[in-house]
Amino acid sequence: MWGQQAPQGVKVTMDAQEQDSFREFVAARSPALLKTAVLLSGGDRHAGEDLLQNALVKAAGRWRRIDEPEAYVRRILYRQQVSRWRLKWPRRELAVAEPPESAATGDATSAAELRIVLRGALAKLTARQRTVLVLRYFEDLPEAEVAQLLGCSVGTVRSTTHRSLARLRSLAPELARLDRPDGGSRSMSRDFSPMEV
Amino acid sequence: MNVEELVRESLREQAGQGAPLPGDFVDRVLAARRRRRTRTIAGTSLAAVTAVVVAVAVPVLAEDTGRQETRPASELRSGDVVAHPGQTPPRDLIAAGDKALAAFSTSVPVKQSNGDEIVTRTYRLLDQKTGTYRKDARWSWVAVAPGMRTAAVLEQKLPVRRIGLLNLLTGKVERWIPVDHKVGGVAFSPDGRKLVATTYAKSPDLRDMSRPMHDGKRERPGPAVPSRTGFYVVDVATGDSGGWSKVKTAESEFGPDTINTREDFAFSQDGTLVYSSLTSAPHQQYYDFKGREKRTPAREKHVRWFNGAGLSPDGKLVAGEFAGDGKTTASEIIDPLTGKRVAKVPGQQLLAWADNKRLIAWDIAPGTSEYRNRLVLVTLGSRKTVPLSGYRSSKADSTGRWQPVFAER
Chain A
154 MWGQQAPQGV KVTMDAQEQD SFREFVAARS PALLKTAVLL SGGDRHAGED
204 LLQNALVKAA GRWRRIDEPE AYVRRILYRQ QVSRWRLKWP RRELAVAEPP
254 ESAATGDATS AAELRIVLRG ALAKLTARQR TVLVLRYFED LPEAEVAQLL
304 GCSVGTVRST THRSLARLRS LAPELARLDR PDGGSRSMSR DFSPMEV
Chain B
10 MNVEELVRES LREQAGQGAP LPGDFVDRVL AARRRRRTRT IAGTSLAAVT
60 AVVVAVAVPV LAEDTGRQET RPASELRSGD VVAHPGQTPP RDLIAAGDKA
110 LAAFSTSVPV KQSNGDEIVT RTYRLLDQKT GTYRKDARWS WVAVAPGMRT
160 AAVLEQKLPV RRIGLLNLLT GKVERWIPVD HKVGGVAFSP DGRKLVATTY
210 AKSPDLRDMS RPMHDGKRER PGPAVPSRTG FYVVDVATGD SGGWSKVKTA
260 ESEFGPDTIN TREDFAFSQD GTLVYSSLTS APHQQYYDFK GREKRTPARE
310 KHVRWFNGAG LSPDGKLVAG EFAGDGKTTA SEIIDPLTGK RVAKVPGQQL
360 LAWADNKRLI AWDIAPGTSE YRNRLVLVTL GSRKTVPLSG YRSSKADSTG
410 RWQPVFAER
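Protein chains in written order, with this note's numbering: chain A, 154 to 350; chain B, 10 to 418.
Bound-form chain A, shown alone (with noise of 0.2 Å):
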């Protein structure tokens, strides 16, 4: 425990009552926020928690002036995933199913081996690709909020998502086929348009 092994007659700067609630923080939003934080990485779990550590290291040095936690970490996370400064580790072996040549070479069809191939695609995306299509895609913020995430303008998120998206097409080439309007197209069997009775 912090209290326990400081030395003598230093002063802390988390009390045991912030301790406790810092404690509680991280065990009911960490499942949370690590899944965000693997995304951010890549799908590298590792990575993903070296994000996350550092980002609640840094949020137990402000807990007391910190109102809204939650908040507060994603919006490191977010940051220093893109921030240069952010520690970086070599890209690390991701756990696909398919080694990326046959992937990317393969007549993929399913949407599963699609998807197999767009987390290979995803990984190979700059951190701030990345961090954009995760914000945009799994937290599904609108422009405006990511913007103000990552303190960069709308354009900025436009123009970045739609250069991550050409790059995942660039990297996928099979990506190409659910842009075309006879392809790929097997959840699209569903029909809007209005029904005679």
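Simulated from the structure, these hints should not be mistaken for lab results. All C-beta atoms, glycine included, are put in the ideal place defined by N, C-alpha and C. Some hints could be false.
Below 20 Å or equal to it, Euclidean Cα-Cα: the simulated SDA-like pairs (lysine to any residue) are [stated by the list, open to error]:
1) B/349 / B/321
2) A/211 / B/33
3) A/277 / B/190
4) A/277 / A/307
5) B/310 / B/337
6) A/211 / B/89
7) A/277 / B/199
8) B/203 / A/323
9) B/310 / B/255
10) A/277 / B/18
11) A/277 / B/178
12) B/203 / A/322
13) A/211 / B/36
14) A/277 / B/13
15) A/277 / B/280
16) A/277 / B/17
17) A/277 / B/22
18) B/138 / A/203
19) B/191 / B/239
20) B/203 / A/326
21) B/255 / B/190
22) A/277 / B/310
23) B/203 / A/278
24) B/203 / B/169
25) B/203 / A/320
26) B/203 / A/324
27) B/366 / A/281
28) B/325 / A/279
If you anchor each label on the Cβ, the simulated ranges turn out as follows [what the hints assert, rightly or not]:
29) B/232 / A/308: 51 to 61 Å
30) B/364 / A/312: 19 to 29 Å
31) A/265 / B/323: 51 to 61 Å
32) A/224 / B/291: 52 to 62 Å
33) B/33 / A/224: 22 to 32 Å
34) A/301 / B/291: 43 to 53 Å
35) A/170 / B/147: 51 to 61 Å
36) B/392 / A/224: 38 to 48 Å
Only some residues are given here: those of chain A computed to face chain B with a beta carbon under 10 Å [unchecked claim]:
37) 192
38) 218
39) 322
Once you have looked at the hints, place chain B on chain A.
Relative to chain A, chain B alone:
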């Protein structure tokens, strides 16, 4: 379904997987915070610290105290820089920004029965599980792909008839690519999807006794006549080595050769052409993948490849030549289109861009031998250098004179 929907689905699926966090996660966070506060205090002015005094200070950078400490790997890092200023040759990961020291080699001249010598390298590759460099004596040449997952390797006794694709995580060769023309060197394209393999008739590391050089003490075999024959451009995914392109080397009966004994081809910054350096102006010659000569891309006209670093990742700057004087080391940064100097940074030789603002360079301690140098990180607009490694031995041919192999991480 369109791409946006698939991205959404894929992210949700990915988020739904994975083991729960370890039960002691919160303790880890608190312990990390405790260590970080200690480090911060050690690394910054004590006057700035009002409330806390600590008994033990952990240095910001890993100093080689010989002590084995159990702590997370990230504890050895400062920002995105992982430095080991006490290690030469390096034992533990060195990295800065987007680049890591993926491997390094040492070399010794091996005497042949006819008096010639062959410069023989020994590689140490980064073990990404432990973050340490481990000897791998199988290879005479190693090129590491961006992302550091794959390396292209050549076996001993160059030139060789096959190229290996080594999985850097397992240490196993996943595929051998056979070639008709013997290969002596390989290099990856910037996107890692292609390889250019340079073909040679004889070893590109040969020193010829009939072309002696004097090293100040005695006569030794000198650089052999270049035996380069051409190149292959290999598709990494399929292993298809395509057609071989013959490239003639202009013969030079008198005066220096137009290329070095080892003059490997490499890719242009956009990966659409390959080029070879030349020993004199125009300094490089470009070719398409069929071996047809091409004009130098506008942004690469002022690139001098012997610097190593070349164009910045965004293509807006070029690492220039030595710009120091008798007392200080410095290198220039130039505009790729005009060739004019736009900045001067510390550093003896610019080896690799860590990002658009920072470079990894060789540098010396002021006033010492120009050959006793170490890796440092330099930043545009700053005079400060951050040491990344210990000093290399100044002795030529010494095994202490290691050569770095950087890769995008």
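Return the numbers of the hints above that this structure violates; sort them in rising order.
-> 3, 4, 5, 9, 22, 31 and 38
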